[in-house]
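J.: Start from chain A and add chain B according to the hints.
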Amino acid sequence: MNTITYFKERFEQLQADSVDTHIKAMRDEAFNEFSQKGIPTVKHEEWKYTRINDFFIKDYQFSTDLKEQHFTKEDLQHLKMPGHDNANVITFINGHYHPEFSTLRSDELEIMPLQEAAHNQFAPIVEKHLGHSADYHRDGINALNTAFIQEGVFVHVLKGRTAKHPIYMYNITDARSGNIFAQPRVLVHVDENAHVQMVETFATIGSDESFTNQVIEMAVEKDAVLELYKIQNDAPNSTVVSTTHVNQVGTSIANVITISLSGGLVRNNLNMVMDAPNSLSNMYGLYLQKGHTHVDNHTVVDNRQPNCVSNELYKGILDGNSTGVFNGKIFVRQIAQKTNAYQSNKNILLSDNASVNTKPQLEIFADDVKCSHGCTVGQLDEEALFYLKSRGISDHTAKALLLQGFALDILEKIKPSEIRLFVDELVQKQLSL
Amino acid sequence: MSLETDQIVSKAIESDVEFDPIENHVNSEYKYGFVTEIETESAPKGLNEDIVRFISAKKNEPEWMLERRLKAFAQWQKMNEMPQWANLVIPEIDFQDVIYYSAPKQKEKPKSLDEVDPELIKTFQKLGISLEEQKRLTGVAVDAVIDSVSIGTTFKKQLAELGIIFCSMSEAIQEHPDLVRQYLSTVVPPTDNFYAALNSAVFSDGSFCYIPKGVRCPMELSTYFRINAENTGQFERTLIVADEGSYVSYLEGCTAPRRDENQLHAAVVEIIAMDNAEVKYSTVQNWYPGDKEGKGGIYNFVTKRGICKGHHSKISWTQVETGSAITWKYPSVILQGDNSTGEFYSVAVTNNFQQADTGTKMLHIGKNTRSRVVSKGISAGRSQNSYRGLVRVGKNAKNARNFSQCDSLLLGDKCGAHTFPYIEVKNKTGVVEHEATTSKIGEDQIFYCNQRGIDTEKAVALIINGFAKEVMDHLPMEFAVEAKKLLEVSLEGSVG
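So the protein lines, in turn, are chains A and B. Quick note on my numbering: the first sequence kicks off at 1 and runs consecutively. Quick note on my numbering: the second sequence kicks off at 434 and runs consecutively.
Do not take every clue at face value.
Unchecked claim - Result set (DSS-like, lysine-lysine): computed pairs, CA atoms no more than 27 Å apart in a straight line:
| # | chain 1 | residue 1 | chain 2 | residue 2 |
| --- | --- | --- | --- | --- |
| 1 | B | Lys800 | A | Lys290 |
| 2 | B | Lys794 | A | Lys43 |
| 3 | B | Lys831 | A | Lys389 |
Said to hold, decoys possible - Per the computed footprint, the stretches of chain A lying under chain B, defined by three or more beta-carbons under 8 Å from a beta-carbon of chain B, are:
| # | stretch |
| --- | --- |
| 4 | 343–357 |
| 5 | 366–375 |
As the list claims (entries may be wrong) - Simulated DEER-style distance windows between Cβ atoms:
| # | chain 1 | residue 1 | chain 2 | residue 2 | range |
| --- | --- | --- | --- | --- | --- |
| 6 | A | Asp65 | B | Gly479 | 52 to 62 Å |
| 7 | B | Asn481 | A | Pro277 | 50 to 60 Å |
| 8 | A | Thr64 | B | Leu503 | 56 to 66 Å |
| 9 | B | Lys847 | A | Pro277 | 15 to 25 Å |
| 10 | B | Asn898 | A | Lys164 | 54 to 64 Å |
| 11 | B | Ala593 | A | Lys370 | 50 to 60 Å |
| 12 | A | Asn120 | B | Gly845 | 45 to 55 Å |
| 13 | A | Asn2 | B | Val522 | 35 to 45 Å |
| 14 | A | Gly405 | B | Glu903 | 30 to 40 Å |
| 15 | A | Pro236 | B | Leu503 | 44 to 54 Å |
| 16 | B | Ala593 | A | His292 | 54 to 64 Å |
| 17 | B | Val522 | A | Tyr342 | 26 to 36 Å |
Hints were generated in silico from the structure; no laboratory data involved. A quick note: this is a predicted structure, and the numbers were derived from the prediction, not measured. No residue lacks a Cβ here, since even glycine has one placed at the ideal position from N, Cα and C.
Next up, chain A with everything else stripped away, as it sits in the complex:
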C-alpha cells in the first residue's frame, strides 16, 4: 500500500477513536496541511540538499500494525548510556512513550504522557506551548508528526528547582519485524528559575528500515536554564528527522549541543525563538561522518526581542561517501535592536567522495545590531601534520590527533561528565580511521 494512503487511513482511524480536545482539532489542521504540502522534495528550499521523499516509496508501518511486539528490558540494557541508573529516563519505543521502561528519580520534575497533561492542571501550559514549531516549518513532515500526536510525553520542571538528575531520553525504533515509522513527540516546560539537563539519543534495533520523525518543543520561562544534548549514533538503516523547537518565553539561557556520529540520514531542525529581551542561547554542533551517511543541520535563530545574544558553532568532519549540510538562519526583527548574533560553520573534507553544502544565512531588519557569520571548508593543516610526523607520530595518529583537536571546541561544551566521556570515546573510535 502507498505510504501516504496508509497515513490517511490510520489518521482517520485515530480521529474516530479520540475524544474532542484542542489536540484533536490541532491534529485535523495538521493533517490538512500535510495533505496539501506532502512530503517535502528537493524543490523545497529548506530541503534542497536532503532528499527524503524517496523513503516514502518504501512501505513503512506504525508499530500498532506490526505483528510482533517483543521489546524487552534486555534490549534496553544494550542501549543504555553511562549514568543511566542515576538519571530520569524517558523511553520512546517506535514513537510511543513507554512508562514501564521509564523512571522518574527527581522530585523537581513531573513526567507524564502528553494526553494526561492535556487534561490535568497542566492543560493551560500544553495548550499554550504545543504546536509552535509548525510556524517555522511550513512543510508536510512537521505537520505529519502533529497529525499523529497521541502518545507523546510532557516534562515539567518545577519553579525555582534544579533537577538533581539529568533526563535521559531514548528514541528507540524496533525494526526487527518490518519497516517502522516512529513519531515521538515531546513537550518540555522549564518553569521560572528552574534548571534542567536533558540528554537524548536515537537507536534502531533490527535490520529493517526505520524512519523517526521527531518533534520536541520546549518552553523556557524567566530565569530558567535549559541544556539539551542530542547524541545521534544510530544504525545505517535509520532515517531521522528531528525538530527541536526552543521558545525562550522569558529571559533565559538555552544551550543545545548536537553530536551526530552516524546514521543513515539525519536531518536536524533546531529553532531558537528568542522571545524575551536579554536572553542568551548557544548552539553547538559536531558532525563526524563516514560511510554513506547524510547529515543535515538546519538551524534558525529568531530574534524577536532586543538585547539578545546568540552563539552558534557547527563543525563537521566528512569522510567516505558522506554528505554534510549546514543551513544556519539568523532573523533579526525590526524591534530586536542591540542583537548580537554570531554564527560559524567549519568543515573538513577527508575523502574524494565526501561533500559539504553550507548556507549561513542572515536576514536582518534592525540596524543597531552586530551579526556575523563565517564558514569554511578545508583540509588539515599540512604544516601541523608535518610537525607531528617529524616527531615520530604516524600519519594516521597525527591526523586523528588533529581532528580530535578540531572537534574539541564542541566536545568541551558538554557539561555532564559521564556524557562527555561517553561522547569522547565514540569520537575517538570514529576517528581511528
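T.: Just chain B now, with coordinates in the frame of chain A:
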C-alpha cells in the same frame, strides 16, 4: 518640453560642465530625469511569434538567427512563470503590455557624428557623454545605445587596425555571422532562466566585442545604455569573446529618464575567455529607482555570466548598483580552464523602496581555480538588500580556492540586509572561506568626524566611501569618480 523639465535639463548640463562633485547633487531628485523627443518606430504592444519575426525582419537577420529566436520564444512560453525564489516582491508584470521593439527613426546609417540625429546628440550632451567629448578627452571608444539601436561607434578604425571587433550586435550578426553563431548563447542558453529565454527571443541590440589572439586592447571599451521611449522594455544582448592571450576592459554604464510607469529591463551578457585571456567588466548601474514613495522605477532582471574556457584565463566583474526599483542580477563565472580566476566586486546601494537581490556564482570545474568575492551592501530608507551567492567546487576541481566576503551596512531601522550564501564543496582539496558581517555606522565614528569639523552628512559619505573602497578601487578611473558621486547622491537624506 515643459518648463519644469527644461529646468532639470539645464541643471543637468550645468552640473556636468562645472563638475562640482557633491554640491550639485544636493537636489536628490533623479538628475537625468528628462525625456528626449525622438520619433520612434515601434512594434505594437505584446509578444507573440509575429513580434519575434517582426524584430528579426526589422534587423534584416539571417534565417538561423530567426530560428534561434523562435526556439527561445517557444522555450519562454514553456517557462510561463517569473522565477519566485528571490527575496523580492515583484508586482505581476504583464508581458503582453510591453513594446518589444522601438528604434529611433533614421534614414540610413550615419558615417560620422554630423549625420546623427541632432536630438540624440543633445541627449548625450545632457548626460555628459557627448561623443566628441569622449573622443577628444578620454580616448574611450563609445558604442552608444539608445533605445535598442546603436547610433554611433567611435574609434572603430583604431581598434580595427588591431583586429578588434567592437560593434553593435545587429551589425555583428550581419558582418561577423560566423563568430556570433559560434559563441552566442553558449554561456547563457535560452533554457537558463525565464528572462534569458525572453531576451534570447526578443533582444533588440547590444554590443559585440572580439579581441583576437595576443591583442591587448589599448583602451577601455564602453557602452552607454539609455532607456528612452515610453513603455519600452530594453533587451540588450552583449557578447565579449577574448581569444588566447588577449586582454580587454569593458565598461557599461546606465542612466534612464524618470518615468512613473515601471519599465522592464532584461539584459544578457556573455563573456568568453580563452587560454591566458583576461576580461574585466565594470558596470555602474543607475537606472531610475522610483521616487521616494516607491512609485515607478526600472525592473532590472539581468543574466550575466562569463566562462573561463582556457587555462590561466581570468574574468573579473565589478559593479556599482545604485539604481533600479528592483534588481535581480548575479554576474557569474564558470571556471572551466585549469588555473583560471574569477572575481566579483560589488557595491549595491538601496534607498527608499528599492529592492536588490544580487550576488554571484563561482563554479569551480578546472584544477587550481581561484575565485574571490567581495560584496558590500548598503541599505537605507525602507529598502531591502540581499546578497545571494553560490560557490560550487566540483568533484574534479582540485585545489580550488575561494574567498568570499559580504558586508552589509544598515542606515536607519526600517531597511533590511540579507545574506544567502550557498557553498557546495565536492572535492577534499578545495578551500572555501566565507565571512559576512552586518553593522551600522557607529556613533563613535560620526562623533570622531564631527569633532574634527566634518558635518554628519559628509561624515556618513566619508564612512560609506571607506566601506566601499575595496570595490571602488577595482573600477577604472573614469568610473570611480562617477561611482563615488553616485553613492553619495543615492543615499542623500537617508541619514543625519
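J.: Indicate, hint by hint, whether the structure satisfies it.
T.: Results for each hint:
1. Taken as a hint, the B/Lys800 and A/Lys290 pair is honoured in the structure, with Cα atoms around 25 Å apart against an allowance of 27 Å.
2. This hinted pair checks out: B/Lys794 and A/Lys43 have alpha carbons roughly 19 Å apart, not beyond 27 Å.
3. The hinted pair formed by B/Lys831 and A/Lys389 meets the criterion: a straight-line CA distance of about 24 Å does not exceed 27 Å.
4. For the stretch 343–357 of chain A, the proposed coverage by chain B is satisfied: 9 residues have a C-beta within less than 8 Å of a C-beta in that chain, meeting the threshold of three.
5. Interface restraint, the stretch 366–375 of chain A with chain B: holds (10 residues with C-beta to C-beta distance below 8 Å; minimum three).
6. Between A/Asp65 and B/Gly479 the Cβ separation comes to about 59 Å, which falls inside the hinted range of 52 to 62 Å.
7. At about 58 Å, the beta-carbon gap between B/Asn481 and A/Pro277 stays in the expected band of 50 to 60 Å.
8. A beta carbon spacing of about 60 Å between A/Thr64 and B/Leu503 agrees with the range 56 to 66 Å that was offered as a hint.
9. Remark: the range hint 15 to 25 Å for B/Lys847 to A/Pro277 is upheld by a beta-carbon distance near 21 Å.
10. Checked against the hint of 54 to 64 Å, the pair B/Asn898 and A/Lys164 passes, with Cβ atoms roughly 60 Å apart.
11. In this structure the supplied range 50 to 60 Å holds for B/Ala593 paired with A/Lys370, their Cβ-Cβ distance being about 56 Å.
12. A hinted range of 45 to 55 Å for the beta carbons of A/Asn120 and B/Gly845 is consistent with their spacing of about 50 Å.
13. The hinted range of 35 to 45 Å is satisfied by A/Asn2 and B/Val522, whose Cβ atoms lie roughly 38 Å apart.
14. Here the CB-CB span from A/Gly405 to B/Glu903 is close to 34 Å, well matched to the stated 30 to 40 Å.
15. Between A/Pro236 and B/Leu503 the beta carbons are some 52 Å apart, a value that agrees with the proposed interval 44 to 54 Å.
16. Between B/Ala593 and A/His292 the C-beta distance comes to about 60 Å, which sits within the given range of 54 to 64 Å.
17. At about 30 Å, the CB distance of B/Val522 to A/Tyr342 agrees with the hint of 26 to 36 Å.
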